[in-house]
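Q: Can you build the whole structure from these sequences, using the hints too?
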Amino acid sequence: MFKCKTSPEVGGMGHSVKRKEDARFLHGKGKYTDDVKLPGMLHMVIVRSPYAYAKILSINKEKALAIDGVLAVITGEDLAQYNLHWMPTLLSDSQMVLPTDTVMHQSQEVCAVIATDRYIAVDGAEAVDVQYEPMKAIVNPFKALDEDAPLLRPDKEGQKDNHIYHWERGEREKTDAAIAAADVVVKERIHLPRIHVASIETCGVVASYDKDTEKMLIYLTSQAPHAIRTILALVAGHVGLSEEKIRIIAPDIGGGFGGKVPVYPGYVIAIAASFLIGKPVKWIEDRSENLVNGFARDYHMDCELAATKDGKIQAFKVSTLADHGYTDSSANPSKYPTGMFSICTGSYDYEHAFAELDAVYTNKAPGGVAYRCSFRVTEAVHAIERMVDKLAAEIGKDPAQLRFENFIKKEDFPYASPLGWSYDSGDYKQTLEKAMDMIGYADYKKEQAEKRAQGKLMGIGICTFTEVVGAGPSKDFDILGIKMFDSAEIRVHPTGKALARFGTKSQGQGHETTYAQILAEELGIPYTDIEIDEGDTDTAPYGLGTYASRSTPTAGAAAAIAARKLRDKGKKIAAHLLEVSEEDIEWEVGKYFVKGAPEKSKTIQDVAFAAYTNFPEGMEPGFEATHYYDPPNLTFPNGAYICVVEVEEETGAIDVKRFVAIDDCGNIINPMIVEGQIHGGLTQGIAPAMYEGIVYDDEGNVLNGTLMDYLVPTAVESPHWETGHTITPSPHHPLGAKGVAESPTVGAPPAIANAIIDALYPLGIKHLDIPITPDKVWDAIQVAKAKA
Amino acid sequence: MAKHKVTMTINGKSVTAEVDSRLLLVHFIRENLDMTGTHIGCDTSSCGACTILIDGKSVKSCTYLTVRADGADITTIEGIAVEGTNHPLQKAFHDQHGLHCGFCTPGMIMRSIDLLKTNPNPTEKEIRWGISGNLCRCTGYNNIVKSVQQAAAEMAKEKEASV
Ligand code: FES
Ligand code: FES
Numbered sequence: 001m002f003k004c005k006t007s008p009e010v011g012g013m014g015h016s017v018k019r020k021e022d023a024r025f026l027h028g029k030g031k032y033t034d035d036v037k038l039p040g041m042l043h044m045v046i047v048r049s050p051y052a053y054a055k056i057l058s059i060n061k062e063k064a065l066a067i068d069g070v071l072a073v074i075t076g077e078d079l080a081q082y083n084l085h086w087m088p089t090l091l092s093d094s095q096m097v098l099p100t101d102t103v104m105h106q107s108q109e110v111c112a113v114i115a116t117d118r119y120i121a122v123d124g125a126e127a128v129d130v131q132y133e134p135m136k137a138i139v140n141p142f143k144a145l146d147e148d149a150p151l152l153r154p155d156k157e158g159q160k161d162n163h164i165y166h167w168e169r170g171e172r173e174k175t176d177a178a179i180a181a182a183d184v185v186v187k188e189r190i191h192l193p194r195i196h197v198a199s200i201e202t203c204g205v206v207a208s209y210d211k212d213t214e215k216m217l218i219y220l221t222s223q224a225p226h227a228i229r230t231i232l233a234l235v236a237g238h239v240g241l242s243e244e245k246i247r248i249i250a251p252d253i254g255g256g257f258g259g260k261v262p263v264y265p266g267y268v269i270a271i272a273a274s275f276l277i278g279k280p281v282k283w284i285e286d287r288s289e290n291l292v293n294g295f296a297r298d299y300h301m302d303c304e305l306a307a308t309k310d311g312k313i314q315a316f317k318v319s320t321l322a323d324h325g326y327t328d329s330s331a332n333p334s335k336y337p338t339g340m341f342s343i344c345t346g347s348y349d350y351e352h353a354f355a356e357l358d359a360v361y362t363n364k365a366p367g368g369v370a371y372r373c374s375f376r377v378t379e380a381v382h383a384i385e386r387m388v389d390k391l392a393a394e395i396g397k398d399p400a401q402l403r404f405e406n407f408i409k410k411e412d413f414p415y416a417s418p419l420g421w422s423y424d425s426g427d428y429k430q431t432l433e434k435a436m437d438m439i440g441y442a443d444y445k446k447e448q449a450e451k452r453a454q455g456k457l458m459g460i461g462i463c464t465f466t467e468v469v470g471a472g473p474s475k476d477f478d479i480l481g482i483k484m485f486d487s488a489e490i491r492v493h494p495t496g497k498a499l500a501r502f503g504t505k506s507q508g509q510g511h512e513t514t515y516a517q518i519l520a521e522e523l524g525i526p527y528t529d530i531e532i533d534e535g536d537t538d539t540a541p542y543g544l545g546t547y548a549s550r551s552t553p554t555a556g557a558a559a560a561i562a563a564r565k566l567r568d569k570g571k572k573i574a575a576h577l578l579e580v581s582e583e584d585i586e587w588e589v590g591k592y593f594v595k596g597a598p599e600k601s602k603t604i605q606d607v608a609f610a611a612y613t614n615f616p617e618g619m620e621p622g623f624e625a626t627h628y629y630d631p632p633n634l635t636f637p638n639g640a641y642i643c644v645v646e647v648e649e650e651t652g653a654i655d656v657k658r659f660v661a662i663d664d665c666g667n668i669i670n671p672m673i674v675e676g677q678i679h680g681g682l683t684q685g686i687a688p689a690m691y692e693g694i695v696y697d698d699e700g701n702v703l704n705g706t707l708m709d710y711l712v713p714t715a716v717e718s719p720h721w722e723t724g725h726t727i728t729p730s731p732h733h734p735l736g737a738k739g740v741a742e743s744p745t746v747g748a749p750p751a752i753a754n755a756i757i758d759a760l761y762p763l764g765i766k767h768l769d770i771p772i773t774p775d776k777v778w779d780a781i782q783v784a785k786a787k788a
Numbered sequence: 001m002a003k004h005k006v007t008m009t010i011n012g013k014s015v016t017a018e019v020d021s022r023l024l025l026v027h028f029i030r031e032n033l034d035m036t037g038t039h040i041g042c043d044t045s046s047c048g049a050c051t052i053l054i055d056g057k058s059v060k061s062c063t064y065l066t067v068r069a070d071g072a073d074i075t076t077i078e079g080i081a082v083e084g085t086n087h088p089l090q091k092a093f094h095d096q097h098g099l100h101c102g103f104c105t106p107g108m109i110m111r112s113i114d115l116l117k118t119n120p121n122p123t124e125k126e127i128r129w130g131i132s133g134n135l136c137r138c139t140g141y142n143n144i145v146k147s148v149q150q151a152a153a154e155m156a157k158e159k160e161a162s163v
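These protein sequence lines are chains A and B, in that order. Mapping to UniProt numbering: the first sequence position 168 is 168, numbers consecutive. Mapping to UniProt numbering: the second sequence position 17 is 17, numbers consecutive.
Just to be clear, a hint being listed does not mean it is correct.
[Claimed, not checked] Rough simulated footprint, nothing fancy, chain B against chain A, three-plus residues with beta-carbon under 8 Å: (1) 55-66; (2) 583-596.
[As the list claims (entries may be wrong)] So, partial list: chain A residues that the calculated Cβ filter (under 10 Å) puts toward chain B: (3) Ile179; (4) Ala180; (5) Gly255; (6) Gly676; (7) Asn701; (8) Leu703; (9) Thr706; (10) Ala715.
[Claimed, not checked] Here are the simulated DSSO-like cross-link-like pairs (lysine-lysine), alpha carbons at most 27 Å apart as the crow flies: (11) A:Lys451 - A:Lys787; (12) B:Lys5 - A:Lys31; (13) B:Lys91 - A:Lys18; (14) B:Lys125 - A:Lys29; (15) A:Lys657 - B:Lys57; (16) A:Lys37 - A:Lys18; (17) A:Lys456 - B:Lys125; (18) A:Lys160 - A:Lys174; (19) A:Lys174 - A:Lys29; (20) A:Lys37 - B:Lys146; (21) A:Lys451 - A:Lys3; (22) B:Lys157 - B:Lys117; (23) A:Lys37 - B:Lys3; (24) A:Lys475 - A:Lys571; (25) A:Lys143 - A:Lys187; (26) A:Lys312 - A:Lys446; (27) B:Lys5 - A:Lys37; (28) A:Lys29 - B:Lys3; (29) A:Lys565 - A:Lys497; (30) B:Lys146 - A:Lys63; (31) B:Lys91 - A:Lys434; (32) A:Lys397 - A:Lys312.
Hints in this document: simulated from the structure, not taken from any laboratory. In this text, all values refer to a predicted model and were calculated from it rather than measured experimentally. We put the CB at the ideal spot given by N, CA and C, even for glycine.
A: Structure below.
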């Protein structure tokens with residue numbers, strides 16, 4: 001277990017100190033993008049396509065422009081004059097900012113109305129007359145590659161069909177051979193549906209161009225302001241928006257979960273409008289725009305898991321069809337178009353694996369960004385964890401036992417996975433044992449046997465996942481060429497208080513507290529004396545931002561190393577003040593002392609003061625340090641989750657009785673915050689498992705584009721979560737930390753799905769895709785009964 | 001657009017204004033009065049981010065016309081405690097880590113004030129149902145429930161002390 005080195009007052013690692021950022025939020029004084037109000041600010045509302053696929057015949061602005069207060073209607077033709085009607089996606093595909101001839105998905109941006117007031121802008125949007133010629137949309141991704149499927153992207157040179165790319169990892173022949181030779185092979189097609197992060201704050205922007213200074217100030221709901229500034233400079237440099245003239249401020253963010261990583265067309269239109277008009281322009285998405293114009297997941301995975309007859313796993317193969325919508329705008333590192341999907345071999349030790357994926361265009365919104373896990377780990381973990389359970393059921397072995405028999409052993413770390421990762425650390429056996437103890441696994445097994453004897457449906461589901469976060473080492477990881485390091489800059493003031501700035505951006509994770517705790521741990525300056533600042537590209541050091549659980553693994557590490565640089569400088573100053581040589585100085589949290597004479601000491605505050613007032617001759621004055629951290633490897637958090645459910649046969653209603661989550665995220669900075677992150681992630685795990693999924697009809701209309709029918713769990717659907725930890729520190733992270741926020745979203749859905757299927761197994765039901773809703777269960781029960 | 005004169009009390013202060021008949025109360029509070037603690041998270045009365053108190057009852061202000069609030073007594077998150085102090089719910093949300101991004105928090109607190117007024121000693125289940133009109137995407141609700149429980153206990157103690 002982790003032992004705190006600092007007192008609660010200093011508040012270093014391991015202390016559950018209360019959050020420093022709370023006060024403003026509790027008093028209604030948070031400052032979110034929609035709270036920004038600038039003099040002369042105009043409002044933008046977007047006209048969107050009612051069709052999934054249509055030619056635009058005409059856009060008539062006249063009636064809109066006749067409304068008092070409507071100043072402009074911006075179309076694709078208008079932007080085309082500046083060559084701003086298309087933009088690149090993060091994966092080097094292209095996306096329309098505004099169309100000039102064709103709309104490719106329902107709710108796509110068609111044109112934008114700028115007015116003096118939001119209500120008038122809405123009037124204007126309603127008055128714009130757009131004529132369309134609807135075409136037959138491709139909705140089913142399996143039909144996208146049919147011979148007679150229309151070519152959706154004739155604009156792309158060399159594009160002959162709707163196939164975007166093929167990707168593969170591992171050894172196909174050897175894996176096929178191992179599967180062919182195995183005693184037992186279980187197969188399943190598993191779909192992870194389109195879902196949306198639906199942060200309670202939608203996306204938005206206030207763009208303000210000053211024609212005199214030529215500076216573009218942008219308040220943006222962005223998890224990655226620095227990267228967005230660079231992209232903007234690359235896209236709009238030719239009209240004069242060069243990088244030093246662009247300042248992006250990401251103010252308080254009302255939840256991100258990956259949905260605030262991309263550049264949305266609305267941002268670009270508002271920025272272009274402000275640039276052209278010379279006044280501030282605000283655009284705030286409404287909820288339906290938010291829910292319908294982006295997505296995560298949407299992988300159809302054909303899985304095969306092979307094993308010996310007593311359950312020793314031998315090979316895993318997964319072939320995936322990915323529905324990307326009309327453009328590939330996934331937010332993945334350049335060399336990883338499928339993110340970290342190749343983590344799909346899971347927590348188990350076996351030799352052969354092969355994963356391949358084909359991505360296709362359809363007439364749906366682009367996205368593939370994130371839902372508290374952008375890098376496709378959720379898909380990967382769902383595939384392996386469902387298949388492991390299916391194998392256990394097939395051979396009649398307890399799924400916990402099957403896992404124990406196949407786990408990678410503690411002593412096998414670092415472990416080279418069959419698809420090329422080097423897992424850094426873990427103790428999977430201990431973690432699952434702890435989860436089983438906490439929930440009382442053996443007792444539930446007994447209860448289940450009794451209930452089954454009475455004809456009742458009760459299920460127990462396990463998921464033992466391995467995550468991969470903290471992207472990433474520069475040799476492999478970049479976004480549009482920019483390496484995925486992150487940064488920290490620390491200034492300790494003469495009075496011993498400090499300001500630290502980061503390239504990341506909190507969206508509720510509590511960085512203002514946890515980063516201060518890291519510095520408190522390393523420097524001994526109380527966390528309350530340290531201000532944390534992020535999100536302003538004019539002041540913060542460059543970094544790739546906060547997503548994919550990367551802040552602690554990257555910027556957190558940068559903070560520790562920058563602090564250690566300061567400590568080294570401080571040592572020289574202390575030696576000078578204590579009139580001994582540097583070798584005679586020792587450090588203990590918060591102070592330097594003379595070896596063998598601990599009464600002769602200087603505090604970090606004394607040293608900071610001396611750095612400005614009494615430093616050794618020849619030394620550079622000041623007490624500041626910066627570090628850009630390039631991680632040597634990723635980190636591999638892991639966990640064991642167990643869920644107990646009861647299903648009512650008559651109605652299909654599912655009752656989650658218990659849910660226990662044991663996480664190993666390495667050393668913990670603030671246990672209270674980590675636990676809070678896990679609670680939140682678990683609710684975002686039950687959401688796709690039982691409630692959420694974007695539904696399309698055959699014409700490509702979204703059927704659940706509001707919060708009335710897209711079911712975000714409330715406090716009633718969300719169970720009481722029970723959490724705990726094991727700790728195996730990351731061997732290569734300076735603090736031994738691993739990152740945590742996405743683990744629960746990754747681990748919960750298969751645990752819940754496994755529990756529900758386990759409950760239904762006596763009826764002969766062997767698989768259901770998530771979301772597993774009561775009506776889906778009820779239908780499956782009727783089919784199963786009819787068969788029986 | 002027809003204009004209407006409205007007068008109401010907001011956080012103890014009287015406010016008079018000429019407003020469009022279609023102006024939603026949440027916009028009146030945020031845009032006209034520049035009090036941005038009341039948030040907007042949807043347009044279907046689903047999320048509760050806009051919850052305020054009208055004559056002591058929690059109401060979603062995103063689907064409430066300003067003209068309808070003529071003569072009303074309104075409280076927003078900015079008005080539940082004297083500046084520099086905390087309402088027991090504000091303190092409890094801080095103590096129990098009942099907020100992450102803070103976007104749902106004002107609405108959650110305003111709803112919880114009403115909940116504890118009508119049911120000062122709610123069970124966990126009653127709290128969960130009581131706040132089920134308010135969505136939080138960050139916290140998973142465990143700690144929001146705990147926050148409401150802490151505040152209920154503290155408010156009960158305060159009440160006892162004042163009798
Ligand atoms: S903004 Fe009022 S309920 Fe969502
Ligand atoms: S704290 Fe973010 S929505 Fe509740």
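Q: Would you mind marking each hint as holding or not holding in the structure?
A: Each hint tested on the structure:
no., hint, in the structure
1, 55-66, "violated (count 0)"
2, 583-596, "violated (count 0)"
3, Ile179, "violated (39 Å)"
4, Ala180, "violated (44 Å)"
5, Gly255, "holds (5 Å)"
6, Gly676, "holds (5 Å)"
7, Asn701, "violated (18 Å)"
8, Leu703, "violated (15 Å)"
9, Thr706, "holds (5 Å)"
10, Ala715, "holds (4 Å)"
11, A:Lys451 - A:Lys787, "holds (23 Å)"
12, B:Lys5 - A:Lys31, "violated (30 Å)"
13, B:Lys91 - A:Lys18, "holds (11 Å)"
14, B:Lys125 - A:Lys29, "violated (31 Å)"
15, A:Lys657 - B:Lys57, "violated (34 Å)"
16, A:Lys37 - A:Lys18, "violated (31 Å)"
17, A:Lys456 - B:Lys125, "holds (25 Å)"
18, A:Lys160 - A:Lys174, "violated (32 Å)"
19, A:Lys174 - A:Lys29, "violated (60 Å)"
20, A:Lys37 - B:Lys146, "violated (35 Å)"
21, A:Lys451 - A:Lys3, "violated (44 Å)"
22, B:Lys157 - B:Lys117, "holds (14 Å)"
23, A:Lys37 - B:Lys3, "holds (24 Å)"
24, A:Lys475 - A:Lys571, "violated (34 Å)"
25, A:Lys143 - A:Lys187, "holds (22 Å)"
26, A:Lys312 - A:Lys446, "holds (25 Å)"
27, B:Lys5 - A:Lys37, "holds (25 Å)"
28, A:Lys29 - B:Lys3, "violated (30 Å)"
29, A:Lys565 - A:Lys497, "holds (17 Å)"
30, B:Lys146 - A:Lys63, "violated (54 Å)"
31, B:Lys91 - A:Lys434, "violated (34 Å)"
32, A:Lys397 - A:Lys312, "holds (11 Å)"
Hint compliance for this structure: hints 1, 2, 3, 4, 7, 8, 12, 14, 15, 16, 18, 19, 20, 21, 24, 28, 30, 31 are not met, and every other hint is.
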